[in-house]
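**Student:** Please take these sequences and the hints and turn them into a complete structure.
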Amino acid sequence: MDKIIFATSNQGKMDEIKMIMEGFPMEIISMKEAGIYALIDENGKTFEENAIIKAKAVMELTGCITLADDSGLEIDYLDKEPGVYSARYLGEDTPYSIKNKTLIDRLNGVEGSDRSARFVCAIAAALPNGEVLTTRGTIEGIIGYEEKGKFGFGYDPILYVPEYGMTTGEMLPEDKNKISHRGIALRMMRDKLFDYNSK
1 MDKIIFATSN QGKMDEIKMI MEGFPMEIIS MKEAGIYALI DENGKTFEEN
51 AIIKAKAVME LTGCITLADD SGLEIDYLDK EPGVYSARYL GEDTPYSIKN
101 KTLIDRLNGV EGSDRSARFV CAIAAALPNG EVLTTRGTIE GIIGYEEKGK
151 FGFGYDPILY VPEYGMTTGE MLPEDKNKIS HRGIALRMMR DKLFDYNSK
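For the sequence shown, my numbering begins at 1 and goes up steadily by one.
Rather than coming from a laboratory, the hints here were simulated on the basis of the structure. Computed from a predicted model, the values in this text were never measured in an experiment. Using N, Cα and C, we set each Cβ at its ideal position, and we do this for glycine too. It is possible that part of the hints are untrue.
Stated by the list, open to error - Lysine-lysine pairs mimicking DSS-like chemistry, simulated, CA-CA at most 25 Å apart:
1. Lys13 with Lys32
2. Lys192 with Lys13
3. Lys3 with Lys13
4. Lys101 with Lys148
5. Lys99 with Lys80
6. Lys18 with Lys56
7. Lys148 with Lys80
8. Lys18 with Lys32
9. Lys178 with Lys45
10. Lys18 with Lys150
11. Lys3 with Lys18
12. Lys150 with Lys101
13. Lys32 with Lys56
14. Lys150 with Lys13
What the hints assert, rightly or not - Here are the in silico distance ranges between beta carbons for each label pair:
15. Glu140 with Lys3: 16 to 24 Å
16. Glu131 with Leu39: 38 to 46 Å
17. Pro25 with Ser97: 37 to 45 Å
18. Pro25 with Phe151: 44 to 52 Å
19. Glu33 with Gly165: 36 to 44 Å
**Tutor:** As structure tokens, this is what we get:
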């Protein structure tokens, strides 16, 4: 089996995944590229639960190793909102410019470390033998006061990473992938899959 399906239809996410997984011996394709258009109810309470639900659903349809991620933004002052609802926050079809402005507005008057936040990414791999592997990566930062940066997607323009003096939306993709929540979780999963393949 020379392909792994990644259970997403988000092209921005697929671009990141392919860049991070470059050199992996199996081709990674999206659900769309695999011809799968299943609607999967992500009703888990955690990022890991949602990733497992997606990975298992697609693996059961195809018999292929399937990866899935669930990722989002946690803002401490807002009780970790939007969290697992990040993609659905204010409605799935709402532009991120509106989502980002709303979150910034909700932090009006909140200063310094009280604006702490992070991106979280959980990745699950559903294997044809029934085994499920999971990994988690995070990147810590604070919510900026305005959108900045033309790279990335989603909430990238509002998570400011003090250590780098910029938002993840201002980072070049290759630089962001070295430190991002998805980059960390994917590299850990890549190592687990190498171990699986070498058995």
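**Student:** Hint by hint, note whether the structure agrees.
**Tutor:** Here's how the hints hold up against the structure:
1. Lys13 with Lys32: holds, 13 Å
2. Lys192 with Lys13: holds, 21 Å
3. Lys3 with Lys13: holds, 18 Å
4. Lys101 with Lys148: The given pair, whose Cα atoms are some 12 Å apart, holds under the 25 Å limit.
5. Lys99 with Lys80: Holds. Lysine 99 to lysine 80 sits at ~15 Å (cutoff 25 Å).
6. Lys18 with Lys56: The hint holds at about 21 Å.
7. Lys148 with Lys80: holds, 22 Å
8. Lys18 with Lys32: The hint holds at about 15 Å.
9. Lys178 with Lys45: The hint is violated at about 28 Å.
10. Lys18 with Lys150: holds, 20 Å
11. Lys3 with Lys18: Distance of about 13 Å is within 25 Å: holds.
12. Lys150 with Lys101: Answer holds: lysine 150 to lysine 101 is near 16 Å, not above 25 Å.
13. Lys32 with Lys56: Given that 25 Å is the threshold and the Cα spacing comes to 17 Å, the pair holds.
14. Lys150 with Lys13: At roughly 15 Å apart (the allowed maximum being 25 Å), lysine 13 and lysine 150 satisfy the hint.
15. Glu140 with Lys3: 16 to 24 Å: violated, 34 Å
16. Glu131 with Leu39: 38 to 46 Å: violated, 25 Å
17. Pro25 with Ser97: 37 to 45 Å: holds, 39 Å
18. Pro25 with Phe151: 44 to 52 Å: violated, 29 Å
19. Glu33 with Gly165: 36 to 44 Å: Since glutamate 33 and glycine 165 have Cβ atoms about 37 Å apart, the given range 36 to 44 Å holds.
This entry does not satisfy hints 9, 15, 16, 18, going by the numbered hints stated previously.
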